[in-house]
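Please model the complete structure; the sequences and the hints are all you need to start from.
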Amino acid sequence: QKEVEQNSGPLSVPEGAIASLNCTYSDRGSQSFFWYRQYSGKSPELIMSIYSNGDKEDGRFTAQLNKASQYVSLLIRDSQPSDSATYLCAVNTGNQFYFGTGTSLTVIP
Amino acid sequence: EPEVTQTPSHQVTQMGQEVILRCVPISNHLYFYWYRQILGQKVEFLVSFYNNEISEKSEIFDDQFSVERPDGSNFTLKIRSTKLEDSAMYFCASSEASQRYNEQFFGPGTRLTVL
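Protein sequences appear in the order of chains A and B. Counted from 1, the first sequence has number 47 at position 47 by the working numbering; the numbering is strictly sequential. Counted from 1, the second sequence has number 71 at position 71 by the working numbering; the numbering is strictly sequential.
Be careful, since some hints might not be right.
[What the hints assert, rightly or not] Take a look, some chain A residues computed to stay more than 10 Å from chain B by CB distance:
no. : residue
1   : Asn7
2   : Pro10
3   : Asn53
4   : Gly54
5   : Gln64
6   : Asn66
7   : Leu75
8   : Asn95
9   : Gln96
[As the list claims (entries may be wrong)] Once the Cα atoms are required to be at most 25 Å apart in a straight line, the calculated DSS-like pairs of lysine-lysine come out as:
no. : chain 1 : residue 1 : chain 2 : residue 2
10  : A       : Lys42     : B       : Lys42
11  : B       : Lys42     : B       : Lys57
12  : A       : Lys2      : B       : Lys57
13  : A       : Lys56     : B       : Lys83
14  : A       : Lys42     : B       : Lys83
15  : A       : Lys67     : A       : Lys56
16  : B       : Lys83     : A       : Lys67
17  : B       : Lys83     : B       : Lys57
18  : B       : Lys57     : B       : Lys78
19  : B       : Lys42     : A       : Lys2
20  : B       : Lys78     : A       : Lys67
None of these hints come from the bench; they were simulated from the model. Glycine included, every Cβ here is placed at the ideal spot set by N, Cα and C.
What follows is the structure, given as structure tokens:
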């Protein structure tokens, strides 16, 4: 059973702080990794993709991938109340796509 | 900005009936997907579709389900003989590149309620 694990939270951070979200996956053959944001009652919205070890930055977001540790993370700098949502980690393994249960983030003004 | 669209936004049906959920993927995308999300649970992969055929399907996607691209723009999911447990949000997604490194963009979803 291929698994994607996330801490369900809730994670609360003050406005302006860094939010750190983590994800582990079970299949070493996984090839591509994605972070999505999902507001309540809405569809997943793509934030970042990452395919190779290291960091990838896009604006206030940084994705980090460590394939040896089977670990993916997302850092959100200068967190804003509008960042309050559930963050989903998704992993592409063998042409199927597996999502974690998501981490609920609340940014407190 | 191009986006994936889905209709209807909400579908209510009686147990045992057939439903068809419709999606219009982003126009230059080649890969299409269906996912479902039962309330409070994670997003689950159902099927991927490329070049007019299924390229991958999950264990959930059994004989009750079928997909079709009836014309150049629409992508449909048919659920036959619906069950109470089919109640969920169904999301369509599409991607431009190959499955290995793709970025998938999701539609707004169809909420299916089976009574």
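Enumerated hints in conflict with the structure, sorted upward | The structure breaks hints 8, 9, 13, 16 and 20; every other hint is satisfied.
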